[in-house]
Structures are given as C-alpha cells and as structure tokens.
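The number in my numbering is simply the position in the sequence shown, starting from 1, with 503 added.
Where hints are given, some of them may not hold.
To be verified - Computed list of lysine-lysine pairs in DSSO-like fashion (alpha-carbon distance at most 30 Å, straight line): (1) LYS577 to LYS723; (2) LYS577 to LYS559; (3) LYS657 to LYS580; (4) LYS577 to LYS595; (5) LYS595 to LYS558; (6) LYS600 to LYS558; (7) LYS580 to LYS600; (8) LYS657 to LYS590; (9) LYS760 to LYS742; (10) LYS590 to LYS559.
In short, the hints are calculated from the structure, not lab data.
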Amino acid sequence: MNTTRHLLFILYFFLLISFQALSQSEGTILVIANVKSRVLIDGDEVGAVTPNQPKKFSISSGQHYLQVISVDDKKEKNEVLEIESGKQQVLKYEFEKVTKSSNSASRVLIADLDFNIPGIITATAQEDFEYPTYLYAFEKGDEIVLNIDMTNAKGTNVIEIFTFPDGNAVYSNDSFRDLNDVKVKVKERSIYGFSFASNHTFDRDARFLIERIPESNETKDFNTTVSWQETYRVEVIQKPQKFYINSGSHATFKGGKSRVVIPLRFPENTVKWYYEFSASRDEDQIDNVTNALSLASELSTLVDQSGLLGFGIDQLTQPPGSDYCDVYLLDHENSSPFTSKVEYSYYTEGTRENLTSGVVEIECCINLPTYLGLKNPDNLHGRHVVVEVAAIVKEEGWVMHHND
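Turn these sequences into a full structure, and let the hints steer you where they fit.
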C-alpha cells in the first residue's frame, strides 16, 4: 500500500513539473491595429483584430514570423519575433486608411457594410429563415465591383447576385473566403440582389464593399437607392362589349332575352373596381360609344398622375346614352334567378336603375364570383347596351427611385 502511494506521488510530481514547463514554454503577444486586420503566425492565420481593439495570442517560445494584413487594401506589416517563455510583447501597427473607391476616379461607392452571415446553427433554428440580402439599382452599361472580407478565418461562404424580381442569377460562388474586385456587367437598367449564406457552423462577420463603374459620365449620378413601396395598376376585366336586350313582351311571346348577366372575376389585391355602360335603341349610336369608351385608359392616367387613389369618380368621362337600362350587381346564387325572372337579391352598392349611361365605382364583392345583370325595363322596345369593366390592383415591392 505504501509503495503504491509513493508511486502515485512521484507520478503526480512529474505531471505537475511537465505542466509548469509547458506553461512556461509559451509567451503572448498583444496585437493592436488601427484598421481591421488578419493575423498570421508562421504563415497560418490565427485570427483577426478589429480597429484599436487589443487582441491577445498565445505563442510558443522561440523565433516566429508575424504578418498583420489590412482587410481593406491587403497591405502588410511583417516582422520576426523572438518569444520568451512567460512574457508578453505589445505590438502596435498603423496602416494608412484607404477607401477602395478612391483608387479609381471612375468608381462610385454604393455600399460599405459590416454585417453578419448566419451560420448553419442559426439558419436551421428558424423555419423559413431569410438569409441576408441587399438590393441596389444599376444603370445599363454599369460594371458592378464587389469586395468581401471575412474577419473569421474558418469556413467558406456562399454568394449569389441576381436580377430582381425575376431572380435570374448573374454571378454565384458557393465556396469563397474573400472576394477581390469581382466584376459583373449590367445589361439592362434593373434592381440587383446580393444574397449571402455560410457553410460554417457558426455565424461569420464580413465586410461588404460594392461599387459601380458607370459606362459614361452621363450616368455617374444614377440613383442606386431602392425602397419598398405600394403601387397601383389598372387591369381590364371586361373590354367594351355590346349586348342586345329584348323588350319584355318580345322575350315573352317571340323568344329572346330581356336580361343578360356578365360574369366577373377580379385579380388578387384588387382594391376597387369600376364599370361603365351606355344604352340606346339606336345601334349606330352604341357603335360610336363603344369606339370611344376609355375607362381603363382614363383610370391608368389618373393612377399614374397621383401614384395613389386620390381621385374622384367625377374625373372619369360619362358616356352618352339615350334610353333606359337597369344594371344589377349580383352574386353567384342570384345570377340564375335574375335571368329566370324569379325572386332574386342584389347588392345596392353597385346597382343602377333607370339610367341611360353611367360610371360606377365599387369596393365590395371582390373576392367572390360576381355578376353584372343587365335588364331592359322597356316592355315594347329592345336596347343596345355596351359595358366596360376595369379594376385597380395594389402591388407591393422594391422599386427604383426616379432616374431620368
């Protein structure tokens, strides 16, 4: 028993001495730089330093070759170090700060960003994770110049440059550490997206510098800013179409229809819709009105001028008409009873009775099958009727700012 204890004591003593010897065989260096820099020892990258923030590195005793490389312009500070066990050396480096865009008078700086690229752990922890994406506008003939520097040495990254909103890739790299002066030619004025991901387990810190080289001095002041905006467009639901509606007596005794329904379907995000109609016993008059109807084009002009919906229905041209017609706004269940001349219901908002013509604005009945029911109130004479229908649709998305 005593022999065993003695052997264990000797073993512990030698382990302690070895540990102390190992500890004393290392020294430390404290690196300070005025710009973001990478640190290499004997050719191996050991980390990075942020501007004016001291960072400590442990290093074995003896002679070593140190490189401190500026992330911005790749300039180096090199020296040979003699490391003593248990001692620390403070090393301070000053780099001349240079903006890359100043290297070429033709380059225009678009963005200079420090950002985080989520690692695999972050990305997989969230459902429908959205990777960092930046959008900028470019003019036809521009040359995009891209530089990316990583402050973390480990792992690779993924980038895709694509046109927006069609998503056509114009450049991709699925395994890069740094990118230096990658150039992409712009074929047409468009918004371009820059999307990033990491192949590394943990998040990465990066610097993203993007410039443009204009094709000529005339386009050097092109506005590259994009913003999220709501816009409106006009969609034709029913082109001007003529109908003949028999009189009630003719429909009863000689056949034919004294009532007609027009089915309507509206696109998603419709905010309001309009119909325009005119009625007359004179077919030639209705032919002339049909050729002159311009509901959709007038709405497009008003929407383009305001950018919003701040206009009144009185700004739309009222078509001429000479004989009465009834127009009913119906749902699907009441469309058949209407044509069958049995009891039916209708929406009062979009219904007009005993009018020769009109322009009607409606905000209801957008998401359901909807019908316009045309009725001839004259028991003796038929009617020629023309109808046009258009909708205003809201769109949301990234748009370029105004460029002449």
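Hint check:
Under the criterion of a C-alpha separation no larger than 30 Å, the hint pairing LYS577 with LYS723 is consistent with the structure, at around 28 Å. Straight-line distance between C-alpha atoms of LYS577 and LYS559 comes to about 22 Å, which keeps the hinted pair within the 30 Å bound. Between LYS657 and LYS580 the CA atoms are separated by roughly 22 Å; this keeps the pair inside 30 Å, and the hint holds. The hinted pair formed by LYS577 and LYS595 meets the criterion: a straight-line CA distance of about 17 Å does not exceed 30 Å.
With a C-alpha separation of about 11 Å, the suggested pair LYS595 and LYS558 falls inside the 30 Å cut-off, and the hint holds. About 20 Å separates the Cα atoms of LYS600 and LYS558, which keeps this hinted pair within 30 Å; it holds. A hinted pair counts as satisfied when its Cα atoms are at most 30 Å apart, and LYS580 with LYS600 qualifies at roughly 14 Å. Note on LYS657 and LYS590: the hinted pairing holds, with a Cα-Cα distance of about 28 Å set against a maximum of 30 Å.
Simply put, LYS760 and LYS742 have alpha-carbon atoms about 22 Å apart, close enough for the 30 Å limit, and the pair holds. Between LYS590 and LYS559 the CA atoms are separated by roughly 12 Å; this keeps the pair inside 30 Å, and the hint holds.
Of the hints listed earlier, there is not a single one the structure fails to meet.
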